[in-house]
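Using the hints provided, position chain B relative to the given structure of chain A.
The listed protein sequences correspond, in order, to chains A and B. Going by the numbering used here, the first residue of the first sequence is number 8, and it counts up by one from there. Going by the numbering used here, the first residue of the second sequence is number 771, and it counts up by one from there.
Take these hints with a grain of salt, some might be off.
[As the list claims (entries may be wrong)] Pairs of lysine-lysine, DSS-like flavour, derived with a Cα cap of 30 Å:
#: 1; chain 1: A; residue 1: K164; chain 2: B; residue 2: K868
#: 2; chain 1: A; residue 1: K253; chain 2: A; residue 2: K11
#: 3; chain 1: A; residue 1: K164; chain 2: B; residue 2: K793
#: 4; chain 1: B; residue 1: K1058; chain 2: B; residue 2: K1076
Quick caveat, the hints were computed from the structure, so don't treat them as lab data. Only a predicted model underlies this, so the values are computations on that prediction, with no experimental measurement involved.
The chain contents come next:
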Amino acid sequence: MAKKLRCHVITMTATAGSGHPGGSLSAADIITTLYFKILHHDPKNPQWQDRDRFILSKGHAAPILYAALAESGYFPVAELATLRKLDSRLQGHTDRNLTPGVEMSAGSLGQGLSFSIGVALAANLDRRDYKTYVLLSDGECDEGQTWEAAMSAAQFKLDNLTAIVDCNRLQLSGWTQDIMNLEPFAQKWQAFGWHTVDIDGHDFDQILAAFQEAEKTKTKPTVIIAHTIKGKGVSFMENNVAFHGKAPTSEEAERALKELKRA
Amino acid sequence: MSMEASTRETYGKTLIELGKQNKDIVVLDADLSPSTMTHFFAREFPNRFFDCGLEEQNMIGIAAGLAASGKTVFASTFAVFASCRCFDQVRMCLSQTKLNVKIVATHGGISVGEDGSSHHAIEDLALYCALPGFTVVVPADAIEAAEAVKVAANTYGPFYIRLSRLKTPLIYPESYHFKVGKAVTMRQGRDATIIAMGIMVAKALEASDILARQEIDCRVINMPTLKPLDEQAIVKAASETHAIVVAEEHLAHGGLGSRVAQVVAREKPVPMGFINLGDSYAMSGKAKELLQRYGLTAKNIEDVVKSVVKRKFYQYLQGTRSGE
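Here chain A stands alone, though its shape is the one from the complex (with noise of 0.2 Å):
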């Protein structure tokens, strides 16, 4: 599934002729993993009151949402060929009042985890059993919101949401370390009071087991660190800050959906 979700990305974005396929390649794994391993949802009925939240905060990863989305059966796979047109559902990042299953509206970075909070704080207020998960890349973690959230998701004790961190170690416009460097990365979340793990976010198993481990964890937040590579399974897109925002020509997508088919 992973593998045909990559797919769409990279047809979606070269039809639509612009977009970010580099960061929603590096969390094709994570939310492979999320849409069909973990989440309580139902396509058919996006509002269900009981339904896990995934709310994405990388905004720019939209096409890999969408694509998870269409394929969990939210809408038509057909529709993803509408990506970033004129009167589409699909925008160039995610608008929750226009796509079904999209929870949150995305782009200006480093707001989802607040919102996140929100919603997690809401199912305790209303006694669900609901999980909250919460996608984030480690690029926007240089916004100070990001820590303003991740104070107050400890303060609230909101053992019910979970954050992933897609760390591609790359940001638009260079290495985040030679950017704004986040190091050390891990210990900044523990000191925050979440518990963190550290994992390859493109080992089904061990994203699943740190799942798990997210929910067993009480009264605190999990934050999953999930190292990751951008572009992931298209060899030219691996760790190429070019294909940040930058959509692939219809050769490079053809060259890329070769490659992907064959691994």
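Below, chain B alone, put in the same frame as chain A:
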């Protein structure tokens, strides 16, 4: 002296009433609850109150998440922080989503006083009026504040309500009902119309008393809702009184004056005058001294009305001469 009451205290007490009626009301604050008066709610309903600390941006995101999960959220802090500190969060999480969050900001305008320009919210209305989907309200007294808060709680969508630090004169009877987007004609008049909001409404009424003694018959309109604006009341006032003066505790640009002028220019151009804070920040000082220094007084309203009425008269004469 007329009776005075605090709009923020009324807000705090009204929240308790609303909290009893609706268990889905949740209140957030950013470490200012003793000042914004949300501490009344916090005491009564500790489980439905969340202090977000000095994290206004985070507070807006949390508010949006709660609202997306079915809650009616009130979020409070000082107006200066509620507008400038978290504008992008408000834009992304509330305006673009139209979620059911009510920002009730206290300490609006320069009447905050001694804390100085860092704490004077005088660009907040321009910012919030710029946001699609927002309803923007500035109550004129405590009775209108209570009404506006109740209406906001029962009207889906994002609201910005600006309250004051100061106690303000009561200008409404207890029986008053606030309606979103409806101006209230406080006094009829034929020579000019003063359109005001917030603390300036009481001053407009005072000015119209003084002007009446000078045979100038002023209409006074309270415009509690800046967005959506009651365009009909503005056009009617322009058509019937042919002169409009707008008084507000805000910078010159983007507030009530700009918004009224846009309607007047489009529908019924007439001479206009403006009482506001121009294009600069104010200083520290007692609220009353500041209002005096920066011209937010009945006396200044009186002077501006007279000059606008004079312009109206000259225009009329010119029109007569040129045979229009």
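For each hint, the structure was consulted:
| no. | hint | result |
| --- | --- | --- |
| 1 | A:K164 <-> B:K868 | holds, 29 Å |
| 2 | A:K253 <-> A:K11 | holds, 20 Å |
| 3 | A:K164 <-> B:K793 | holds, 22 Å |
| 4 | B:K1058 <-> B:K1076 | holds, 24 Å |
When each numbered hint is compared with the structure, no violation occurs for any of them.
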